[in-house]
Amino acid sequence: MAIKEIRELVRQPQLLLLLLVGPILIMTTFGLSLDVENLLRPRALIVVEPKSEGARLFERFREEFTDRTQFVGTTDAPEAARERLLRGEVDAVIFVPEEPLGTVAGGRQAVLRVVYNTINPVFGTRVPSRSYSLVLDLNQSLVQAAIEEEIGNLRRAQGQIADLDRRLEQGSAAAEALSSEEALDATAGLDEALTNLENAARVWQSVGPGEDRNVSETLDRIATARQALEEVREAQEAGAEELEERSGLSDLRESLASLQEALGQLPAEVPARVLANPFALETENLASPPPVVGFYAPAVLAVLVQHIAVSLGSLSLIRERLSGAHEFFEVSPLGPGRHLAGKFLAYCGLVLGANVAVAAVLAGFLGVPVEGGFTLLIVAMLLLTVASLGLGFVISALARSELQAVQVSMLLLIASGFFAGFLFPLEQMTQPAAGVSYLLPASYGIRALQDVMIRGQGISASDLVPLLLVAVVSLAAARYLLGRKRH
Amino acid sequence: MDAIGAKGVVRRLGGVDVLKGVDLAIEEGEIFGLVGPSGAGKSTLLRVLTGYLEPTEGTVDVLGIPPSTFKDEDRRRVGFMPQGFVLYGGLSVQQNLSFVAGLYGLRAGERRRRVREVLEFVELWEHRRKAARDVSGRMQRRLQLAAAVVHEPELLFVDEPTASLDPILRRRFWKEFEQLRKGGRTIFVTTQYLGEAEFCDRVGFLVDGRLVAVGTPQELRRRAFGGEVVQLALAGDPGHIGDSLKAVESVGHVIEIRQDERAEEPVSHVRLISQDADATLPLVMEALGEVEVRSVDLPTPSFDEVFFRLVKENQ
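Residue numbers (the numbering used here), protein chains in the order written: chain A, 96 to 582; chain B, 40 to 354.
These are calculated hints, taken from the structure and not from any lab test. Any given hint could turn out to be false.
Unchecked claim - Each pair of labels, with its calculated beta carbon distance range:
#1 B:E149 to A:F460: 43 to 51 Å
#2 B:W164 to A:A528: 58 to 66 Å
#3 B:A147 to A:S496: 35 to 43 Å
#4 B:A170 to A:G432: 28 to 36 Å
#5 B:G103 to A:G432: 23 to 31 Å
#6 B:A170 to A:G553: 44 to 52 Å
#7 B:P206 to A:Q109: 48 to 56 Å
We put the CB at the ideal spot given by N, CA and C, even for glycine.
Next comes chain B alone, as it looks inside the complex:
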């Protein structure tokens, strides 16, 4: 059973269609990243999925139930980490977490145990007695994550957890999500950092209320470039090498041929697309003939480029 299913979801806000027919299926136990620029409709889709907003059109099922009809026991199966710090600055770290655990119905003994476990998980146990307002912004963010998982939800919704964080902390958050996924949880994460798609099992690109692409990072790359990228460094000016390479059957196309004039000796960089790099490379080497191959690389294109290509393709 899919953890989340959405069909033809439209959400109108203030007369404007913020979501324009979103179809989505997220499997249990995966990290799904919803990636898109600001204003794409990520938070609105997340709100529809959590049941905070009802879809104007279409249907949504979360854990097999429309979220707008969630009962208390259904809500206990879901965790939510909002974009900002929404807990209480006047309360201590521990009191905040204990309060949230109470909201989800954890009884006193279990609450104490889970609060400790989760605070240790996010490495805030030592700071438990400090008022939340007195801890750093990054600690507040981790406290917010702890609040989202204190009741051990099956499904976790996370809204832009890494927005305006430094790269080190962003990486740390993804490690924590990875750990949670290993614990069997399904995680739905929205982010505006395209590079973070790399950490997801599957990624959806949301642009202007439309889901333009969904797949694993590799699938999206392949779709964006039409295959795998192979990068060659050739000595000197290879002349009309492009035509020779294009003639190789498994080479989809040559992206670029560029001469590096700054190098001590003339070098030409060639990027080409192949459906299967392993099978293609021997054929490419053969086609190059006498040309000296300095290096062969299989680079991972940035998701910025992937996103850009897929959006352009959709337009």
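Chain A with its partners taken away, still in its complex shape:
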């Protein structure tokens, strides 16, 4: 029976060619055409009013826009942009507000409006998710710029305080000097410095990581120093005599000394980028992801193995039953066991041979990895083939027509696409989809082939055992169903 099946297959060179060339062509086309990086970046058209504050903002932060999207260009014609979106020439249109900073200064958030047009609930999310990242980037850049400015103010205030302190030291010896024009300027400068310092400390407090005691203390000391400075300035205005009588001058010096000490403790040298982004992301992938073709190749091979095996198996018995060959065999010494065994051996050889050849071509010409080696790959494919053939034989034994057998095979193929980890990760499956995936040999086959080909590991027990179980149960069921029909 096995030799007969092989002879019959060999006499169909087109079929063999199709089995070999078809998958290779599909994978090659797929590998040459798909750019995952671009797939995830929407083509974006920016709508912005020329010479507006929004336009200046866009130019200033242009990279934030172009990094997150495939930047198509800018336009000042919203309707034309919308038309291009509807025609599918772009994936998103981003409207930059005319006066973003003015809006913020008015106490409201400036809105970056993004319009897109998609019915794809999976890949369609790339526009909102990329837009969200774009807004985050923009906000961070703006905050970073503000922090850079405040740090400059802080450093300037530090210098002014040190300078004034020296003057006050001299002023305590000659009170007249403090009421001089120059000293009046110095205390006014100090007032401004303390204001800047307070602003910087407050920004620092809001963007810093958690609660910083130093910043709180600094703010307290600024308040004390401001109080003392207030007294000194009042005295300055009253004249030199008043200055000597007032104790405010020494209080101010004490406050300034304490303030300098507190400022010294602030990490003023921290770059604005770090202050704006206190947390950085560091990821480590324990596996080495292959190129996109390399990742999909095991899944394609697994689904291919299952589909060919199920199709061959499901058509084999029903075809004989409908043609009358089954009755002919039943009268002959060929029992149902040997009948199945013959077909099983021939189909096993064919499916395995064709798919190992496909894998070899993919590895040789497309660089698809086979990290675990071909021996393990053959074992994994063999397990999947055996389980799938068993399933095919059961379908064939139960089907009432060839059309029915083909339809069930196609249903299994579609189910494998959705539930076996081909399109969506198996780990994300919840019931009842998970229940369906347990029944599909491809679910275990895809994982096993990925382990062998990409991770370079052996076949895990969680894949090996179910595949063996499906194989044993389905082959036993097919044998029973085939024998039962005799009576």
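With chain A fixed as given, assemble chain B onto it according to the hints.
Okay, now just chain B, sitting in the frame of chain A:
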């Protein structure tokens, strides 16, 4: 020992009794023809006899063993030719036959020898390398016959081998069966062509799941007509000749008296039944007296007529 024996066989399919108590005994070395219209239950009876179906009631013995308990060696003693072509169109004529020979356990050398012998027997040796799908329908049918006999079975079941074939090929098939019978084989053939009963050693008429008559073709004819048919052509109008003929002791009855008005001279055709034509004819001639007898014939009635009479008789 009978090659096939069946007693009270009932087979129910889908709640309907397709066979309704069939009793049958087929001797070794004979061609037994199971004749009946479409839907009579011929294929079902054949399937019960080959062991493909078990009888719902009754017992069946084939080569002395119930076929449902056949072991491999028992199956090797039986050959089966299904109604249609069930072999593989993609394989060559020779590969198909070699495959079937392998199914029946023929080893390589013997297989080669038998494949050649049988292909020559059915005159397909020259076409052995052609794909089965590329040969004509009649060649496919002969290939199917070759597949049924390649392992030299003692008993051959043949299901409607001549269905939808032209008369020449049908005749050829019967010649091949005759040859196989001469080789000592027992052949069980089903056919819907009543005329083919003529080629069988014994015939069974199956109607609506019941075997209404079994016997040799001659026996069935005699049973259908109550004896042998004698046909006379008499000159002119014989008048009340019917009564004279009926009076002859060995004449069973007169089937018909018909005047042929198209003939140049008036002729009357008389058909009568006799238990023994040889003994009856002189008495008939005597009874006819002065009537001129143009011709005397002992025609073989068609099996259509035989079948019709026997079925009617059973109803």
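Okay, the hints, checked on the actual structure:
1. As the Cβ distance of B:E149 to A:F460 is approximately 49 Å, the hint placing it in 43 to 51 Å holds.
2. Roughly 60 Å separates the CB atoms of B:W164 and A:A528, a value that falls within the hinted 58 to 66 Å.
3. Evaluation of the 35 to 43 Å hint for B:A147 and A:S496 yields a pass: the beta carbon distance comes to about 38 Å.
4. The supplied range of 28 to 36 Å is met by B:A170 and A:G432, whose beta-carbon atoms lie about 30 Å from each other.
5. Distance hint check for B:G103 and A:G432: the Cβ-Cβ separation is about 26 Å, which falls inside the suggested range of 23 to 31 Å.
6. Roughly 45 Å separates the CB atoms of B:A170 and A:G553, a value that falls within the hinted 44 to 52 Å.
7. Under the hint 48 to 56 Å, the C-beta atoms of B:P206 and A:Q109, about 40 Å apart, miss the expected range.
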